[in-house]
Amino acid sequence: MTRAWQLVVLGFLGALHVACGGGTAPSSYVVIDAAPEGALDLATAKVDGASVRAVTLSDGKLVVEQSGGEDASLTIRVDGACPLHVDAKDLSPAGTVRRHLAPFFDFGKPRMDVGFGKAFELVARPGCADAEHTRVTWNQTGGRALDGLVIDHEGRRLTATMPSFATLVGGKPDFGLVPVSAGARGEVELTATWMYQGRTVTRAVRASAAARARGLPNVAVNTRLYVVGDELHVQSAPDGSHAAVQAEPDDSHAKVEAAPDVASFVPDAPGVFTLADRHGRTLRLFAGRYEDTPLDCGRSDCHAEIAVSARSNPMTTILQRGLDGPFAGDYPSCALECHAVGEPGLDDGGFVSVAARFGLAPADLRRTGFHDLPAPLRRLGGVGCLACHGPGTIAEPGGRDALLRADVCATCHDAPPRYGHVVAWKSSRMAHSDADPRTRDGACARCHTTWGFLGERARKPPEGAAPSGIACAACHSVHPTKAETESVIGATCAAALRRETPIPALLEGAVPASADKSRTCLSCHTPDPANASPTGSASPTGSAAPTGSAASTGSAASTASASPTAGASSTAGASSTAGRSPAASASSTTSASPTAGRSPAASAAALWAGRGGVEPGTGAALDGGSPHGAVAGGCVGCHASGPTGLGRGSGHGFAASSDGCATCHAAKSDPSLRARALGLWAAAFHSNLPESATPPPHTMPPEIDTTTARGRALWDVALVVEDPAADRHNAPYARALLDAAERVLSPRTRAGKGNR
Amino acid sequence: MTLSVLRQSFHVVMALVVLTACGRAPERVLPLAIQTAWPMPDVEERAPCADVGDLRACWSASDAAGVHIVTRRTPPFALSSLGFRIIGTGKTARAVDRGRAAPEFVCDGDVCRQAHPRLPDDGEWECADFAAIVVCHGGAAPAGVPPGASDAGYVCGPRHSRDGKAERVCVDLSPDTPKGIARGERCRFDAENGLVRDCRKDGTAQSVTDPCRTATDCASGLVCASGRCLPPLPAPSCWADNDCDKSSCRFGSCVGDPT
Numbered sequence: 001m002t003r004a005w006q007l008v009v010l011g012f013l014g015a016l017h018v019a020c021g022g023g024t025a026p027s028s029y030v031v032i033d034a035a036p037e038g039a040l041d042l043a044t045a046k047v048d049g050a051s052v053r054a055v056t057l058s059d060g061k062l063v064v065e066q067s068g069g070e071d072a073s074l075t076i077r078v079d080g081a082c083p084l085h086v087d088a089k090d091l092s093p094a095g096t097v098r099r100h101l102a103p104f105f106d107f108g109k110p111r112m113d114v115g116f117g118k119a120f121e122l123v124a125r126p127g128c129a130d131a132e133h134t135r136v137t138w139n140q141t142g143g144r145a146l147d148g149l150v151i152d153h154e155g156r157r158l159t160a161t162m163p164s165f166a167t168l169v170g171g172k173p174d175f176g177l178v179p180v181s182a183g184a185r186g187e188v189e190l191t192a193t194w195m196y197q198g199r200t201v202t203r204a205v206r207a208s209a210a211a212r213a214r215g216l217p218n219v220a221v222n223t224r225l226y227v228v229g230d231e232l233h234v235q236s237a238p239d240g241s242h243a244a245v246q247a248e249p250d251d252s253h254a255k256v257e258a259a260p261d262v263a264s265f266v267p268d269a270p271g272v273f274t275l276a277d278r279h280g281r282t283l284r285l286f287a288g289r290y291e292d293t294p295l296d297c298g299r300s301d302c303h304a305e306i307a308v309s310a311r312s313n314p315m316t317t318i319l320q321r322g323l324d325g326p327f328a329g330d331y332p333s334c335a336l337e338c339h340a341v342g343e344p345g346l347d348d349g350g351f352v353s354v355a356a357r358f359g360l361a362p363a364d365l366r367r368t369g370f371h372d373l374p375a376p377l378r379r380l381g382g383v384g385c386l387a388c389h390g391p392g393t394i395a396e397p398g399g400r401d402a403l404l405r406a407d408v409c410a411t412c413h414d415a416p417p418r419y420g421h422v423v424a425w426k427s428s429r430m431a432h433s434d435a436d437p438r439t440r441d442g443a444c445a446r447c448h449t450t451w452g453f454l455g456e457r458a459r460k461p462p463e464g465a466a467p468s469g470i471a472c473a474a475c476h477s478v479h480p481t482k483a484e485t486e487s488v489i490g491a492t493c494a495a496a497l498r499r500e501t502p503i504p505a506l507l508e509g510a511v512p513a514s515a516d517k518s519r520t521c522l523s524c525h526t527p528d529p530a531n532a533s534p535t536g537s538a539s540p541t542g543s544a545a546p547t548g549s550a551a552s553t554g555s556a557a558s559t560a561s562a563s564p565t566a567g568a569s570s571t572a573g574a575s576s577t578a579g580r581s582p583a584a585s586a587s588s589t590t591s592a593s594p595t596a597g598r599s600p601a602a603s604a605a606a607l608w609a610g611r612g613g614v615e616p617g618t619g620a621a622l623d624g625g626s627p628h629g630a631v632a633g634g635c636v637g638c639h640a641s642g643p644t645g646l647g648r649g650s651g652h653g654f655a656a657s658s659d660g661c662a663t664c665h666a667a668k669s670d671p672s673l674r675a676r677a678l679g680l681w682a683a684a685f686h687s688n689l690p691e692s693a694t695p696p697p698h699t700m701p702p703e704i705d706t707t708t709a710r711g712r713a714l715w716d717v718a719l720v721v722e723d724p725a726a727d728r729h730n731a732p733y734a735r736a737l738l739d740a741a742e743r744v745l746s747p748r749t750r751a752g753k754g755n756r
Numbered sequence: 001m002t003l004s005v006l007r008q009s010f011h012v013v014m015a016l017v018v019l020t021a022c023g024r025a026p027e028r029v030l031p032l033a034i035q036t037a038w039p040m041p042d043v044e045e046r047a048p049c050a051d052v053g054d055l056r057a058c059w060s061a062s063d064a065a066g067v068h069i070v071t072r073r074t075p076p077f078a079l080s081s082l083g084f085r086i087i088g089t090g091k092t093a094r095a096v097d098r099g100r101a102a103p104e105f106v107c108d109g110d111v112c113r114q115a116h117p118r119l120p121d122d123g124e125w126e127c128a129d130f131a132a133i134v135v136c137h138g139g140a141a142p143a144g145v146p147p148g149a150s151d152a153g154y155v156c157g158p159r160h161s162r163d164g165k166a167e168r169v170c171v172d173l174s175p176d177t178p179k180g181i182a183r184g185e186r187c188r189f190d191a192e193n194g195l196v197r198d199c200r201k202d203g204t205a206q207s208v209t210d211p212c213r214t215a216t217d218c219a220s221g222l223v224c225a226s227g228r229c230l231p232p233l234p235a236p237s238c239w240a241d242n243d244c245d246k247s248s249c250r251f252g253s254c255v256g257d258p259t
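Chains as they are written, first to last, in our numbering: chain A, 1 to 756; chain B, 1 to 259.
Next up, chain B with everything else stripped away, as it sits in the complex (with noise of 0.2 Å):
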């Protein structure tokens, strides 16, 4: 019985010393804070990576294919539909909502459809999907608007016109999804009653980040490298074959040799 007694006191008053030593009412208020990114320093050791599709690849010409797959992390919630993307790369690598920068897809069906999808810049472009990596070629200054910024998701380049257009050629290699996944889905741009980007469920649509054996596995001008269809590094400059000297174009970048 007293043993009984001294264990209960003992309980009550370890809670006691718990919530005083806590320090906490019932109710109280934080301070609010005002954050656009969060910073993921250890996401990679090296750099250049990117995130392509849903995955996070870095290259390097240590490896095999020049490309392999690292973990990518990001937050534990989600701002948007979007997701995150990270941005930066190596101890500068942060990320941001996707929802900053595009609004979220509105869904009818089968298809979802992006009012305003993602641009290299404030611009005027055009743009096309490519197996769920987006190419753009263009980025004449907009009339009326002062200088902005480019859009941190676009790897961008001068593009290589025969015909002496003084065009950039920019590439996504993680465009935005309705999930976030870019598998399963097929999407386009249509710029016939304003630019929107649609993206309709299709199982057969060759995507980057498609698992993967060997290259023949994967679209034209992927590699298969840890075990997944990656592009190699990105050095935009084409838009069509024309643009290269004696290679062809693939996803904005003049790859290999026709011949």
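For reference, chain A alone in the conformation it holds in the complex (with noise of 0.2 Å):
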């Protein structure tokens, strides 16, 4: 009897299994997928269903298993997408029905070429029909206030007039490509917020007035590009080009599209273009798609180095340790055109575009890491080669020069007031160190311009071009050597990138190790006793460049030779005090007239350390004490200001503050030593210029003989007058220089006599 009742048990349980489900009935699936464009997580699904059996999310897609049977039908719900449903009459048995997960709202791809002063709509596009009566509100979350807003249709659309492009970009070149930066473009941020069963929804919707340019030549297809010519025209296109190619700039087809305030162009094929104006005038542009690019710049014969020291540069690996590391919030959506190649939004072949081919979603990205994303990705994530040199073929050698302007990193690096980098760095005299056209050829360009401090002569501007300034790259070596990257690895991109730059022989044992920072503004504030003068041999392009950069480069200049110590310490046997004089120097430097070259250039770093000086009747060193060597830093120690109001980058400004000197000083300055090296300076060179008006000693001749005991006393006082801040770098020592000087030239210089 008992072993009846246990077999009628089993049997209703096993009964029961098979009516729950729990048989071997087979499982039908629903896979849903979902356009990346609608930014929705599929992470945030619920499934309803009385028969699903599991849910699974792998790779941007939703797997529903279901058992059999008429209580098969589900409803999937996802935040920001219309509810899904699904019918058991769809279903069958081991099958695999296919569905697409609609946003509740589809305001299309960002808007990144709007165009300047150019109106603009964003449409919520509803996807069922709950949404096409539920209203939508919008903010304005990012970028400059838009004019002519106007927000209808239940707020499911908008519309507004990007400024113009005087506004947001400004000046213009003569003739050329026109750079935008990333702030330039006037990107905005909408925000559009609806209620939908009782949840707020938010979606962030970006439109710009145009694509951000780095005013190279290698552009990418299918981008608005700005520029400036008289009556540009298309002379020539590549096979597969729609371009209108014009004989004559009067024809009435110009793919070319003026405009009041600046024409533009859309190179809308891989290939060459050259535009020309009716001046002559031409300009070429090599036309590329990002994911169509080799990178195989790293060939033996070519940038192998670069290449090697690059996969492991911080630039290069931002995306990877964003998405395998700690970034939280929204990344990568919030960082994709900067932690990536390419500008999303536009089918330029970039990261985005191709993301979308795999229909991976943002969301979908921080799931994947990035190890596990498709290879055409990797190739597109992080800041690698194509994201500061551009897509296509290698431009041309008159067009590389513009690699070397601040245009370049701006496109991510000037996105005021979050990254305020460029526009600090505007704000300095660095960038308009170049401003005085003379400044740009010679020995002035070693230290006045970008291509003259690295040693690239290949790299010079063309007659005409625009100032450039110290730029990003003087500073910054964003192909550092394999032994820099490693030395950084885990650092900031800061630190990581900072242009290990040899310390002067001037200030050889004076500089702490706490100064690292500061090391790359030493050779050019510091005084060079071989290579000092605008008439003297140095050139920029030959052993000067101060960075040895060029040896990065493939040239064959080492960093030994191209070092400015390289005058000085090959002084050899000379003691380390005699070899740092002017005087000793210019006896052992015999390719150098003893009269040449001699007067000393921006010595605030020479004051800083408490070198430089000379004795004047002896020739022997004059060193003092450097009080502020202790400052952590460095120079950028102290000269870390710039404007107010920026997130990151405002010391890029390099304006000294004088908020800690108060805790040593109790003056901050003492006007009267600047004064009296003036006064010294007229006196000796029959000047009376006020202060304003009297230039650097280093532009002017006649030059100083430090060979004679009157020479040297002026070059002690050059070293002063030189460094307009003498007085607060190292008062002690400026003292102690000008004490020197005057015991010479005081009573010369009373008798009106000049330096020869």
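Hint data in this document are derived by calculation from the structure and do not stem from the laboratory.
For every residue, glycine included, the Cβ atom is placed at its ideal position computed from N, Cα and C.
Hints may be right or wrong, so weigh each one.
What the hints assert, rightly or not - Below 30 Å or equal to it, Euclidean Cα-Cα: the simulated BS3-like pairs (lysine-lysine) are: (1) 46/A / 61/A; (2) 179/B / 61/A; (3) 460/A / 517/A; (4) 172/A / 460/A; (5) 89/A / 179/B; (6) 61/A / 91/B; (7) 179/B / 91/B; (8) 179/B / 201/B; (9) 109/A / 61/A.
Unchecked claim - Partial selection, computed: residues in chain B whose CB lies under 10 Å from chain A: (10) 76; (11) 80; (12) 99; (13) 101; (14) 119; (15) 121; (16) 122; (17) 140.
Hints are included, so try docking the two chains, each in its own frame, into the full complex.
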């Protein structure tokens, strides 16, 4: 009897198991995907259904496993999407049904190319019947306030006008491409909000007047460029382009679209486009898709060393570290335009456009991790070669100078108020170092131009090019050597990309490790006894380049020979004291005239370190203390101020802040020292100029003959005159220099005699 | 009558019991699992095995032809039109959606095009289709890209190049096809305007996994086993015959003796 009951119970349980769907009936499957542009996160899915066995998210697709039966209907709800209902009759045993999840409102792709001063509209297209009667509210959550903002159709349409070219970009070159920085493109972020089934849903939608532009001739296809010229027209175009090639400028089918403020042009195919204006000036553009551009730059006969170091460069690895690491929030969607290659929203073959081809939305990328990304996306993820150099083929030599302009970096680092690096730099004297055309050539270029500082004559801008200052690439090495990269892995980008510059011989032993951040400043703010004068033999293309960067570009110049210290350090056998004196250097530098190049240039670092002076009577080095040598960071320990209201990068204004001075000094400066130095200088050269008009000594003949006591005294005076902040950098040392000089100069200056 | 009522009552009670016992509400929400690979531990009993076309082959010295076909099992659904690929062998075998690493084909008439075709890794490669087997050579590391993972579908080896080039050769015995079946398709890589792979329907195209009775029914370099044209166990080392000392290069491996 007991056994019979057991059989009955077991039979009942078996029937129950089958009835519950636990039998061997085959499952059916529903696979659901969503367009990446909808920015839906399928991980928020809630699947309601009586027969659902399992719900799995796999690479941007939902897989719902269902047991069969009449109650197999299910409903899928995802934040921001229309509910998706799958009816039981659509399912079949062991079969797969595909469904596409529609966003509740479809806002389309980001509008990254609206046009300067142009009106645009954002339409919230309903994805389902419920959305057709849902009200949308808008808030501008980023960017400059829009003109002509109108919201109608219960919030489902927004129209506005982008700011003008003059408002956003301002100046433009006489001829050529107009660089458009991240800030100058006029990006706005508008957030749409609506309520659905008791929940508040928000979506951020972005729009820009223009795509960013580096100002380089390597450009992405399908990206509008802004160009300047007199009646520009297309002279030639590659096969596959639909551009109207004009024989005459007045052809009415111009592909170059004229506009009152600035013309524009869209390269529509890979290849070389030539634009010309009515003066015969030509602009050659090398168009390509990012995804199709080979990354074989590291071939053994090309840039092998750079390619090796670039693999672990903080720029290269930024997306990898972001996806695999601790970056939070809505990363990477907030950062893809600067942590990957290409302009989101455009069909340029960049990261976002290729990710869409794989059906991957930013939320999917976050879950995938960098190393599980498809290989084509890994090639475009991070700030690799193409992010700065652009797609397409290698540009002609004549078009490569723009690479050293700040415009390249500004496509990401000029996005105030959050990223203010370029804004701050533009406020600094560094940005205007070559404003005077006379500084763009000869020895001046070594410290007044970026190409001169780097010793890259091939990148010297053509005559008439706009000044570009000492730009980012002078201090930041985006192609660090392998050793540089390895020494700073894990450090911030700023630290990792700081150029490693040799310490000038004059300052050897005087620069503490705490001042390493400022090593790059030293070579141009320390007088070089061997190569100090604009009339000297030094050339920025010769051995005087301060950074040794030529070695990294494949030039034969070695770091040692490229250093400004080479002249001094080659004084074999001389004592370090004698080696640092201008007299000793002059006597040992046989290739230079003893009276040529003897005026010290930009002496701030020398004053700071208490170095560079010379005993007028003996020619021995006249050293002093360095009371500010212990300031953490060296030069940038104090020169770290810039425009206010910037989130990052304001220190690139390099203005000195006196905030910290009060801890040690009651008085922050001693203007009498400068007046005294200028007085000595003026007396020596019969000059009676006011202080504001006194040019730096290194710019003016006559030169100083440091083989004489009088010349050496003038050298000491010049050191102080060359540094307008000598009293703040090192007042005791400046005073000692002037004291020493005065002992020689005073009787003769009183007699009204000059240097000679 | 009484019996009928009792029967009806019994059915009602049983239905209620079943519903209650199952504990199902009409609507319920299941937790969501994240999964990118599906274990297939019982796909085969021994290694080495690999997907070959839409089949699964294992190589063994005990086989007369050196290779035989085993049952290929994949998840009962499809995430993409490319289907699944089984990576790993034996107990580590697992199925992954091919669409993870390569986009689906877009068809226009008889020609289907895959942008960004599957390559061995993110490096610089030149590839070609031979009888529905893809062979690539090159592999220089891409400049400005962090080191990345290789595609599990490729088997790679150093190229025995006579010109001293430090290249690799990689072989994919089961390249992507528009419908997941290689037979009846002729595919080729085209690098003229960005790398793409075009497949065209062609009933005359010779393919690995074609039915066969002897090796002469198969493309040169394939053997006939289990009634199908199959490749020998790949040992990638060559791109051209010149790379092989005294043999020929077939499907990336030096095979046979031409004499």
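Hints broken by the structure, by number, lowest first?
Violated hints: none; all satisfied.
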